[in-house]
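A.B. asks: Sequence:
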Amino acid sequence: MDYWFPIALVVLAAVFLLWALTPVRQGFSYTIERFGRYTHTAQPGLNFIMPIFDRVGRKVNMMEQVLDIPGQEIITKDNAMVAVDGVVFFQVLDAAKAAYEVSDLYLAIMNLTTTNLRTVMGSMDLDETLSKRDHINARLLVVVDEATTPWGVKITRVEIKDIRPPADISNAMARQMKAEREKRANILEAEGMRASEILRAEGEKQGQILQAEGRREAAFRDAEAREREAEAEAKATQMVSDAIAGGNAQAINYFIAQKYVEAVSQFATSPNSKTILFPVEATQLIGTLGGIGELAKDAFERGPTPPTTPGVR
Numbered sequence: 001m002d003y004w005f006p007i008a009l010v011v012l013a014a015v016f017l018l019w020a021l022t023p024v025r026q027g028f029s030y031t032i033e034r035f036g037r038y039t040h041t042a043q044p045g046l047n048f049i050m051p052i053f054d055r056v057g058r059k060v061n062m063m064e065q066v067l068d069i070p071g072q073e074i075i076t077k078d079n080a081m082v083a084v085d086g087v088v089f090f091q092v093l094d095a096a097k098a099a100y101e102v103s104d105l106y107l108a109i110m111n112l113t114t115t116n117l118r119t120v121m122g123s124m125d126l127d128e129t130l131s132k133r134d135h136i137n138a139r140l141l142v143v144v145d146e147a148t149t150p151w152g153v154k155i156t157r158v159e160i161k162d163i164r165p166p167a168d169i170s171n172a173m174a175r176q177m178k179a180e181r182e183k184r185a186n187i188l189e190a191e192g193m194r195a196s197e198i199l200r201a202e203g204e205k206q207g208q209i210l211q212a213e214g215r216r217e218a219a220f221r222d223a224e225a226r227e228r229e230a231e232a233e234a235k236a237t238q239m240v241s242d243a244i245a246g247g248n249a250q251a252i253n254y255f256i257a258q259k260y261v262e263a264v265s266q267f268a269t270s271p272n273s274k275t276i277l278f279p280v281e282a283t284q285l286i287g288t289l290g291g292i293g294e295l296a297k298d299a300f301e302r303g304p305t306p307p308t309t310p311g312v313r
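full-length UniProt numbering applies: residue 1 is where the sequence shown begins, and numbers increase by one.
Because the hints were derived from the structure by calculation, they are not lab data. A couple of the hints might just be wrong.
Lysine-lysine pairs mimicking DSS-like chemistry, simulated, CA-CA at most 25 Å apart [as the list claims (entries may be wrong)]:
| no. | residue 1 | residue 2 |
| --- | --- | --- |
| 1 | Lys59 | Lys97 |
| 2 | Lys154 | Lys97 |
| 3 | Lys132 | Lys97 |
| 4 | Lys132 | Lys77 |
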């Protein structure tokens, strides 16, 4: 019988050791209570606690968690009723405070967020609630995080999921948006017409400038042609005058033939003349032209006559 006693002690020691060793899962922390009083927090891993005297009080989730905020109706500053729901992301930093400073952590955070959501959105107009979600989220984050700090909780994010205004307000907003878009379209169309008119006027201006430059260039060319014609006429007159001064009597026929031709050309250009009658003396024009030909031939053969010096014979 003596050998049963050591075996019993070994069995009791093994049972005691198994009872004393408490594994803690990763992401959790266990509060250890001795006779109902908190003593310390067991971290993830294998922890030793005194059986009979100590026990696990609360198993606290230390991972970041998300809490859904149920939908609720809120009256805005301008008396508009909107339905709002959201989510809260939080993480427990102190397991002892989260276990013993608040009775129901999840319910407390949800009610705290709901109350402050009503406060924040109730102080804003409908347009502000629809356009300033980031502002609402930031204000809620600051208020809720400050309120939950004594519970050992850190509020990481507060997000508004959906804001639903009443149907009549939604229809009014849709009509307003349509009117605004039509206004923008009209403004863009007016600006396009204005730009088109400006471009058209600019094109007409440029065209008139080019036409004026063309007329100026044509006038310059005409003036240059008349100047050259006058130079040629003056040169011909000088040659005839030199021929007359040299004693050639036929040279005077040049001027007579020129005037005669000009007079005859007036008959051809008259709009009312159907038949042109030449006088008998017109046959003398052929002889005159022949004299002009001989005069020109003689003048080109001899070259220009040197100018005579006054007083020299």
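A.B. asks: Each hint: holds or not?
C.D. replies: Status of each hint after checking the structure:
The hinted pair formed by Lys59 and Lys97 meets the criterion: a straight-line CA distance of about 12 Å does not exceed 25 Å. Note on Lys154 and Lys97: the hinted pairing holds, with a Cα-Cα distance of about 12 Å set against a maximum of 25 Å. Distance hint between Lys132 and Lys97 is unfulfilled; the C-alpha atoms sit about 34 Å from each other, more than 25 Å. Distance check on the hinted pair: Lys132 and Lys77 sit about 14 Å apart at the alpha-carbon level, within 25 Å; holds.
The structure does not agree with numbered hint 3 stated previously, though it agrees with all others.
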